[in-house]
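Protein chains: 2
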Amino acid sequence: MARDHGRAAATRRSSDVPHFDREADVVIAGLGGAGVCAALEAANAGAEVLVLERAGAGGGTTAVSDGMMYIGGGTALQQACGFEDTPEEMFKYLMASCGPDPDEARIRLYCDGSVGHYEWLLDQGIPFKAEFYPDRMLSPGEQGLTYSGNELVHPFREQAKPAPRAHMPKKEGSTGAFLMERLIVAAEAKGVVTEANALCETLVADPDGRVVGVVYVKEGHEFVVRARRSVVLAAGGFVNNEEMVGQYAPHLRKARFNAATDGDDGRGIRMGMGAGGAAVRMHMTSVTLPFYPPKSLMRGIFINASGQRFMPEDSYQGRAGEICLLQENGRVWLLLDDENFERPHFGGGELAAVGETIEEVERELGFVAGTLQSTVAIYNDHAARGEDPLFHKSPEYLVPLTAPPYGVLDLSWDKAIYAAFTLGGLHTNTRAEVLDADGHPVAGLFAAGRTAASFSSPGYSSGSSVGEAMFFGRVAGRNGAATTPH
Amino acid sequence: MARDHGRAAATRRSSDVPHFDREADVVIAGLGGAGVCAALEAANAGAEVLVLERAGAGGGTTAVSDGMMYIGGGTALQQACGFEDTPEEMFKYLMASCGPDPDEARIRLYCDGSVGHYEWLLDQGIPFKAEFYPDRMLSPGEQGLTYSGNELVHPFREQAKPAPRAHMPKKEGSTGAFLMERLIVAAEAKGVVTEANALCETLVADPDGRVVGVVYVKEGHEFVVRARRSVVLAAGGFVNNEEMVGQYAPHLRKARFNAATDGDDGRGIRMGMGAGGAAVRMHMTSVTLPFYPPKSLMRGIFINASGQRFMPEDSYQGRAGEICLLQENGRVWLLLDDENFERPHFGGGELAAVGETIEEVERELGFVAGTLQSTVAIYNDHAARGEDPLFHKSPEYLVPLTAPPYGVLDLSWDKAIYAAFTLGGLHTNTRAEVLDADGHPVAGLFAAGRTAASFSSPGYSSGSSVGEAMFFGRVAGRNGAATTPH
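For the protein sequence lines, the chains are A and B, in the order given. 44 is the number that this note's numbering gives to position 44 of the first sequence; each next residue is one higher, with no gaps. 82 is the number that this note's numbering gives to position 82 of the second sequence; each next residue is one higher, with no gaps.
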């Protein structure tokens, strides 16, 4: 497996290291969202910090993301936009949406610390514009707050009081890059040393299994750095490692777009596994189907190969993607009428059928006679009364589909944009320590970002990965700096 | 995690072992189906073999199983019963049913070696009666051959030529126990030493990471055994470890019956992880819903909470269980008419509704008006013509449901028997070597049975686990015995 990705799990014995080329208190693998926040906090604590980045410059996957961060619990931004939120409601939402078996302890810490984390971002010079964007998607402007999850969608809207929690820095264009640029400048101003084009190869461990350093390669030469206090693995996920995807999350084979950089080849996870860390929740993924905007497309109905609805069509893109991909053979369609027909702004989705009647569309799609007709009849009958007893779509998007011609978009896995990344990774606790298969910490080793297993899972809210990366990156940096030197 | 299961991943350094209490060429953890076959082959190769078993006697989960083994490719038994089969058709079926991303190399080896493996079982004194049992389930008699998968079910019947492959030893009653008894006697006759009440605690590794022994506990005392050539982990799966289930296969929380023994607490997997092995496919599980026998129940239709069908009702119990458990909220029902109504022989399933018309049943179940009615109308319309264009149920079970009263059995996760065990485990190659996160062997370490990741996955055919355990147990024993001593 992963032979083209080199050996990462072959932890080097410290007795096999003749000398260390350099030293630092805390050595961080990866200068993405998790790494830079770990560096900032470790430096704040007085540690000498070295960050090794395999790419030519820092940024990681966070820099190519939209920069959205899922935080809340009553931040100043939420308040300024007129929304009430509490850590408890945020906790209830995440516990409901991150199951089965959500990581309660880490979710609790994340929710309780979320308001403070927002203040910390402001302290790092990240600006947010106090304006709410109502379209439940990425704002094209400078608005700072929006919905990026299923807070307003059944059954979650009944389980926790909804609040928008996607916080977006004030910057048009590539917000992720802007965010990372600001944080890297802040880290370097604090004396953090960063080294680009430095690929972490494997960890160094002493005879007790304590992690004491990192082997890295730069310009064809191997270097070994001693980590006096700790190593933080913040090197991304594994969606760009085909062998790992096959062994851990094979359903991702059907998602043709990776929301990732080349660095997301699982190297950080494998380094941690080699040092004794357990990789958990490795099948958990985020799969986004940007079938809207425009929001009017939520007024259509999704159907599977049996001609049946299978989810509330106002599901957030991140939840819809996962549900659609898991339908039989990944085949799904979106039926619209003339009042609502538009093409998804992000593209994808062939026009599979057009007809003056549902019967005509049903025939054109090759569906079993009567299936789509009864699905639409039942939907229309209830929608006319503002009801959706099957899937409880919000009244806002509930209109009978009665205006011919009817059009059907094929949004199957091979016809539409399914953008994926991995959520599994090293098992960590609330201190961001990497845990072994028995649940005990691997001494000297921390992990954050997509190298660590997310508390999120199907039902993903956008901004959770950048949010988690930064929040637990900070936790890792603080605890990494406080680790007793070996 | 798994704190009540003790430390298994804290591999002991050989330098911390003052002396070894005993020695053997090959030390095997676990005297179940995989362990006994590993022992037999290692002993055949001339190795001195010690098997450590945590329970008071050997047998493991194989002994509490039905003893069914999924083998084929044209065995003497298949031929004697009048069935043609080839390694290639078996391979095609397993590749189609064990996806996504089936473990092709191990499936290939298994199919090519299956006829020979059957001969080997005969050589060990396991008798089989050359009689076919047609009921696609466990035979209550002595018949030796039956269907235990989805070979006859759409879409698999179109992808490979169907053949029955469940081979069952000739013994009424507890066939698994009989099978294990025979094999253990055979192993002991070959000089294999077995030690009961000996709980393997962790592995011993030398400074290079090579596995050189096992620490075990017996009657409160710790012993260390040196394995001159190799260690074989054959200690079962992890379905009885709640923490591991939560971290790796949380959907199993809804399966209330474990097809397992107490020993299936993941200790073997965690021991291997601690020594550098990677655990893969950990979310893969086998979930069986014994909704039949009687087979007449396959003439009913399964419906989910939307009143819709979702699978061919002639699906094998092992596939049906997984599909039903994954329906929304795990809620499923079986609708029958008066001609076909019976109770499942294995119990489970409350009578949820009875009615003179489908409309009455629909109302009684609280389904959305029209949903069940249209489902039944479409089904009946096609069934009357011997067709099932939606799910392609075999004509044998395709009859219109038209004889009132209609009865509905609630087969939801909390109302019926869902029996589960885990299929994920240590990553192994075709030599049964345990592989690390980069895909390289951990020196001196082999694994088989449910401690190793199965090539099977949703779409499980019964007998695959015992079959794989024994087949790859033998592979592990042979290669373990041939490993150069350290």
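Keep in mind that the hints were calculated from the coordinates and are not lab data. One thing to keep in mind: the hints can contain errors.
To be verified - In silico contact screen, one side only, chain B against chain A (beta carbon under 10 Å); selected entries: (1) G74; (2) A96; (3) A196; (4) M244; (5) Q247; (6) H251; (7) I269; (8) G272; (9) P395; (10) Y397; (11) V399; (12) P400; (13) T402; (14) P404; (15) A437.
Beta carbons: idealized from backbone N, C-alpha and C, even for Gly.
Hints, verified against the model:
1. At a threshold of 10 Å, the smallest CB-CB gap from G74(B) to chain A is about 30 Å, leaving the interface hint violated.
2. Taking 10 Å as the C-beta contact cut-off toward chain A, the hint placing A96(B) at the interface is violated, the least distance being around 13 Å.
3. The beta carbon of A196(B) is not positioned within 10 Å of any beta carbon in chain A (closest approach about 25 Å), and the interface hint is therefore violated.
4. This hint holds: M244(B) has a C-beta 9 Å from the nearest C-beta of chain A, less than the 10 Å allowed.
5. A hinted interface residue such as Q247(B) counts as satisfied when its beta carbon comes closer than 10 Å to some beta carbon of chain A; here the least separation is about 4 Å, so the hint holds.
6. For H251(B), the interface hint holds, the least distance from its beta-carbon to any beta-carbon of chain A being 6 Å, beneath 10 Å.
7. Evaluation of the I269(B) hint against chain A yields a held restraint, the C-beta minimum of about 7 Å falling below 10 Å.
8. For the restraint placing G272(B) at the interface with chain A, the shortest Cβ-Cβ distance is roughly 9 Å, inside the 10 Å limit, so the hint holds.
9. The beta carbon of P395(B) comes no nearer than 17 Å to any beta carbon in chain A, farther than 10 Å, and the hint placing it at the interface is violated.
10. Interface hint status for Y397(B): violated, as the beta-carbon distance to the closest one in chain A is roughly 18 Å, over 10 Å.
11. Interface restraint check: V399(B) against chain A, minimum CB-CB distance 18 Å, threshold 10 Å, status violated.
12. Restraint check, P400(B) versus chain A: the minimum CB separation of about 15 Å is more than 10 Å; hint violated.
13. Below 10 Å, beta-carbon pairs count as interface contacts, and T402(B) has none with chain A, the closest being about 17 Å; its hint is therefore violated.
14. At its closest, the beta carbon of P404(B) sits 22 Å from a beta carbon of chain A; the interface hint therefore is violated under the 10 Å criterion.
15. A least Cβ separation of about 4 Å between A437(B) and chain A falls short of the 10 Å threshold, and the interface hint therefore holds.
Consistency with the previously given hints fails for numbers 1, 2, 3, 9, 10, 11, 12, 13, 14, ordered from lowest to highest.
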